[in-house]
Amino acid sequence: MSVESPPETVVVDTDLDEPPEKVWRALTEPALLDRWLAEAKEKAEVVESEPGQRLRLAWRDFDSGGGLVESEVTFTLTPMITGGTRLRLVHDGFVHTSCMGALALLPRALRRPQPTMLRGLAWAA
Amino acid sequence: MPPEAALFRTLADPTRRAVFERLGDGEMTVSDLRSGFSVSQPAISQHLAALKAAGLVLERRAGRNAFYRLRPEGLAPLAGWVDRYRTFWPERIAKLKDVLKDMQP
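Chains A and B are the protein sequences, given in the same order. According to the working numbering, the first sequence is numbered sequentially starting from 1. According to the working numbering, the second sequence is numbered sequentially starting from 1.
These aren't lab readings, by the way, just hints derived from the structure by calculation. Predicted, not measured: the structure shown is a model, and the values here were computed from it. You can take every hint at face value.
Taking lysine-lysine pairs in the DSS-like style, the calculated list, with each CA pair at most 30 Å apart, reads: (1) B:Lys95 - A:Lys22; (2) A:Lys41 - B:Lys97; (3) B:Lys95 - A:Lys43; (4) A:Lys22 - A:Lys43; (5) B:Lys97 - A:Lys43; (6) B:Lys101 - A:Lys41; (7) B:Lys97 - A:Lys22; (8) B:Lys101 - A:Lys43; (9) A:Lys41 - B:Lys95; (10) B:Lys101 - A:Lys22.
Full structure from sequences and hints, please.
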């Protein structure tokens with residue numbers, strides 16, 4: 001399993017022994033989801049589904065101040081020659097909405113390439 | 001107030017957020033900042049004071065001038081949301097592997 005860390009995106013790649021059809025069931029059947037995603041599945045809503053290949057979820061969190069953090073989780077399944085599945089998870093598109101209006105997780109100012117400015121952010125270090 | 005909520009309260013004002021984003025271009029004085037905004041210089045100064053209090057902006061004085069610049073570390077509580085999932089997902093996928101092992105073919 002590898003975890004890349006580009007800013008504002010979480011990517012996890014993992015090779016599974018089971019075929020895509022079986023992995024798909026674990027990603028979509030409620031009783032199976034309960035066993036690995038547990039209560040976090042309440043945060044997800046299916047946006048797009050290509051059975052056995054790709055599952056896109058809208059993901060919602062509430063922060064301690066009552067604001068909403070919206071993001072997107074995509075699972076991509078690729079069959080491997082071994083009969084197993086390469087599973088890629090991408091979690092990105094984080095947008096924070098307070099009761100007063102939408103605000104991207106990091107304001108536009110910080111998205112410009114300014115290395116000296118970004119040095120202060122924990123994930124950019 | 002939790003740090004995230006304080007930040008969002010500070011940045012919720014559109015003019016203040018615009019001032020903050022404008023400082024992304026580099027260090028500037030209040031009068032540099034004022035051009036392009038339809039609000040008065042005292043209003044800009046007030047927004048800068050709020051941004052300073054929230055730890056989002058730093059002030060540097062040189063003679064009679066005050067220069068303002070971003071303090072990006074001030075946004076760290078927001079970046080924490082992404083970091084949270086950087087540990088969450090590998091843990092969950094380890095559990096998914098266990099579930100797959102237990103499943104009937």
